[in-house]
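S.K.: These protein sequence lines map, in sequence, to chains A and B. No gaps in the numbering here: position 241 of the first sequence is 241 in the working numbering, and each next residue is one more. One gets the working numbering by counting positions in the second sequence from 1 and adding 305 to each.
Hint data in this document are derived by calculation from the structure and do not stem from the laboratory. Just so you know, not all the hints are guaranteed correct.
[Said to hold, decoys possible] Pulled a few chain B residues facing chain A out of the computed Cβ check, cut under 7 Å: (1) Phe-386; (2) Val-393; (3) Pro-394; (4) Pro-398; (5) Leu-399; (6) Met-407; (7) Tyr-410; (8) Pro-411; (9) Tyr-541.
[Stated by the list, open to error] Covered by chain B, according to a simulated footprint, are these stretches of chain A (three or more residues, beta-carbon under 8 Å): (10) 156-170; (11) 214-227.
Quick caveat, the model's predicted, so the values are computed rather than measured. The beta-carbon is built from N, C-alpha and C at its ideal position, and this holds for glycine as well.
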Amino acid sequence: MDWLTDPFLLGFQQRALIGGLIAALMCSVVGTWLVLRGMSFFGDAFVHGVLPGIALAVVLGGSPHVGAAVAAVVMMAGISLVHRATTLKEDTAIGLLFVGMMALGVVIISLSDSYTGSLTAILFGDVLGVSMEGLRVQAAIAVVVVLLALVLYRPLLALSFSEAKAGVLGMRPRLTHSLLLVMIGAAVIGSFQAVGTVLVFGLLVGPPATAALVTRTVPRMMAVAALLGAASVVVGLVLSYHGGTAGSATMALVPIVLFFTVLLARAGAQAARGRHVRGRGGRAVTAPEFQHAHHGHDAEGGLPR
Amino acid sequence: MTSPPAALAEARGLELRRGTHLAVAASDLTLPAGRLVAVIGPNGSGKSTLLHALAGTLAPSAGTLTVRGESPERHARRTAFVMQTVEVPRGVPLTVRDVVTMGRYPSTGWFRRMRPVDRAAVQAAMDRMGVADLAGRHLDELSGGQRQRAYVAQGIAQEHDVLLLDEPITGLDLVSARTIDHLLHEEPERGVSVVYTTHDLDEAAAADHVVLMAGRVVASGSPAEVLTEAHLEAAYGRGALHRPTPPSAGGAVPFLDDPVDGAGRR
Chain A
1 MDWLTDPFLL GFQQRALIGG LIAALMCSVV GTWLVLRGMS FFGDAFVHGV
51 LPGIALAVVL GGSPHVGAAV AAVVMMAGIS LVHRATTLKE DTAIGLLFVG
101 MMALGVVIIS LSDSYTGSLT AILFGDVLGV SMEGLRVQAA IAVVVVLLAL
151 VLYRPLLALS FSEAKAGVLG MRPRLTHSLL LVMIGAAVIG SFQAVGTVLV
201 FGLLVGPPAT AALVTRTVPR MMAVAALLGA ASVVVGLVLS YHGGTAGSAT
251 MALVPIVLFF TVLLARAGAQ AARGRHVRGR GGRAVTAPEF QHAHHGHDAE
301 GGLPR
Chain B
306 MTSPPAALAE ARGLELRRGT HLAVAASDLT LPAGRLVAVI GPNGSGKSTL
356 LHALAGTLAP SAGTLTVRGE SPERHARRTA FVMQTVEVPR GVPLTVRDVV
406 TMGRYPSTGW FRRMRPVDRA AVQAAMDRMG VADLAGRHLD ELSGGQRQRA
456 YVAQGIAQEH DVLLLDEPIT GLDLVSARTI DHLLHEEPER GVSVVYTTHD
506 LDEAAAADHV VLMAGRVVAS GSPAEVLTEA HLEAAYGRGA LHRPTPPSAG
556 GAVPFLDDPV DGAGRR
C-alpha cells in the first residue's frame, strides 16, 4: 500500500496529482469529440501551435495562459485564411501552421538565456512544479470546458453524424465546430502547465481512443475515457516516482500503452470467441445462426454489411 | 382563424445556384399540399437542389419560393428532410435510437429535456419503419436498406407537415423499398405533404403530382399531364427511353411513344 501512497505524501506531489486529474478530466471530455470528429491531426498541430505564445510570455515575463490563448487564435485564423483563400485542403493548412508556429516558438525561446530548460518545460510540462494559483486557473478552465461539453452534447452528436444533417436539424454546425475549437484550445491551455503542450495530446487522444474500443455509446465513451485518463495520471505518477522517470512524460505514455494493451486483448478475445464458435458441433456457424446469436431478431433477415 | 394555404409550395422565377453553377434556371412551380409529389429528371437536372431549396438549406439566387405560405427557412422546423446520402460516420458509436432521436432536435433544440411525447414519437417512427428491434444496433452494423429505414424514421420522428426525401428507394432491397413506399403513400392520408425524387417513372406515375426537371422545371402536373413523350424527350433526350419489351416483340425495343396515365399504365 505504501508503494501507492508514498508518491503523494508531499504538498507538491498532491498538487501534481490534482493538476493531472483535472487535465485528464478536461482532455477526456474534449478528446472524445476530437476523436469522433476525426480531428486528431488538428489536435496535434494545435498543441504545438500554442508554443510561440507561451515562449513569448516566458521571454517577456507575461502570463503563459494569455500567450497560449493569443497563439491559439492566431493559429486558427491562419488555418481559416489558407482554407478560404486557396483550394488547398484543410489538412495542408493545418500542416503549414503546425510547422510555422512550432518553429516560431523555438526561435523565440532560443532568445532566452535558459533555452533548453524553458523549451523542455513548455513541451513536456513540469507536473511537480504546479502551484496552487495554477491549480485554481486550471480548475476554472475545467469547469467552463465541462459545462460547454454538456451544453453542446446534441449539436456535437449531430455534427459527428453529418454536418449537412446537423444543419437541417437546426443544430448550427459551424457555430458548434467553432465552439469545439474553443474547447480544444481551453483544454490545451488549461493543461499544458501540468503535462506540457505536446503531452496534452496523449491525454486528449489516448483515453478516448481506448474507450472507443470498449464502449457502444458516446456518453459511456466519455465516462470511460475520463476514468482511463484519471488512472493514467495516477499510474504515471506512481511509476515516475518509483522509476525516477519524468513525471509528465510517464503520465502521457500510460494511456498510449493502455490503448495497445486493450487493442491486443480485444483482438485476442475475438479470436478466442471465433475458435469457440467454430469448435461447437465441429462445423462453421451459418449466417442466420450468427445473426440470431449476436443481434437477436432481424426484421430483414440479412447480415449487417 | 386562417385556413392553411392550399399549395405546399409556390415558386415564381425561381433560380437556384450551387456556388457559381446554375442548377435550376428561372422556373415557376406550384405544388399541391397534402399530396404525394414525385420529382423526376436525369442526374444533374436539379432535383436534389430543388429539395434543398424547399428544406430551406439553399436560398434562391433569384425569384421567390414559399412553403406553406412562408419562407422555407421559417418553415424548416416543420419540414423533415431525408437526404440522399448520409455516409456512415466511421468510428462514431451511434445507435439506431440515437439517430432517430435526432429527429426531435428541431423541437427540443440544444437544451430542452426529452419529454414522454418525444420518446413516444421516436418509438412510433421506429415501429413504422420496422427498425424498433434494431434500436441498439450501430449504423455500421446495419444493411443499406436497414440504414435507409433508420434515416427515414429520423425524418418522421420530427414534428412535420412536409416530408422531403431525396431518392429514398434507389438501390434498396425489396423489404426496405416496400416499407418506405408504403410510408410515402400513407403520409398524405395524415395530411402531410410529401415530395420525393426518383429515377423510376413507374413509381412517379403512381404519385399524385409529378415535377419533371432538366436544369429547369420542364413540366409540373398530374402524371398524365407530365409523363408524355414530348416532355420526357425534352428532359432525357430522344432515344433515351424505351418501353419494356413485350414477350412477343422478339427482342425489339420500341421508343416510348405514348403517355402514361395516373395509375402507371401506358
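S.K.: Taking the hints in turn, state whether each one holds.
M.R.: Here is what the structure says about each hint:
For Phe-386(B), the shortest C-beta to C-beta distance to chain A is roughly 5 Å, which falls under 7 Å, so the interface hint holds. At its closest, the beta carbon of Val-393(B) sits 9 Å from a beta carbon of chain A; the interface hint therefore is violated under the 7 Å criterion. Interface hint at Pro-394(B): satisfied, since its Cβ lies 6 Å from the closest Cβ of chain A, which is below the 7 Å cut-off. Checking Pro-398(B) against chain A by beta carbon gives a least distance of about 5 Å; that is within 7 Å, so the hint holds.
A cut of 7 Å between beta carbons decides the hint on Leu-399(B): the least distance to chain A is about 6 Å, and the hint holds. Residue-level restraint check for Met-407(B) holds (minimum Cβ-Cβ distance to chain A is 6 Å; threshold 7 Å). Nearest Cβ of chain A to the Cβ of Tyr-410(B): about 4 Å, under the 7 Å cut. The hint holds. With 7 Å as the threshold, the beta carbon of Pro-411(B) comes within range of chain A, its nearest partner Cβ sitting at about 5 Å, so the hint holds.
Restraint check, Tyr-541(B) versus chain A: the minimum CB separation of about 28 Å is more than 7 Å; hint violated. A stretch counts as covered by a chain when three or more of its residues have a beta carbon under 8 Å from one of that chain; for the region 156-170 of chain A and chain B the count is 11, and the coverage holds. Only when three residues or more bring their CB closer than 8 Å to a CB of chain B does the claim for the region 214-227 of chain A stand; here the count is 5, and the claim holds.
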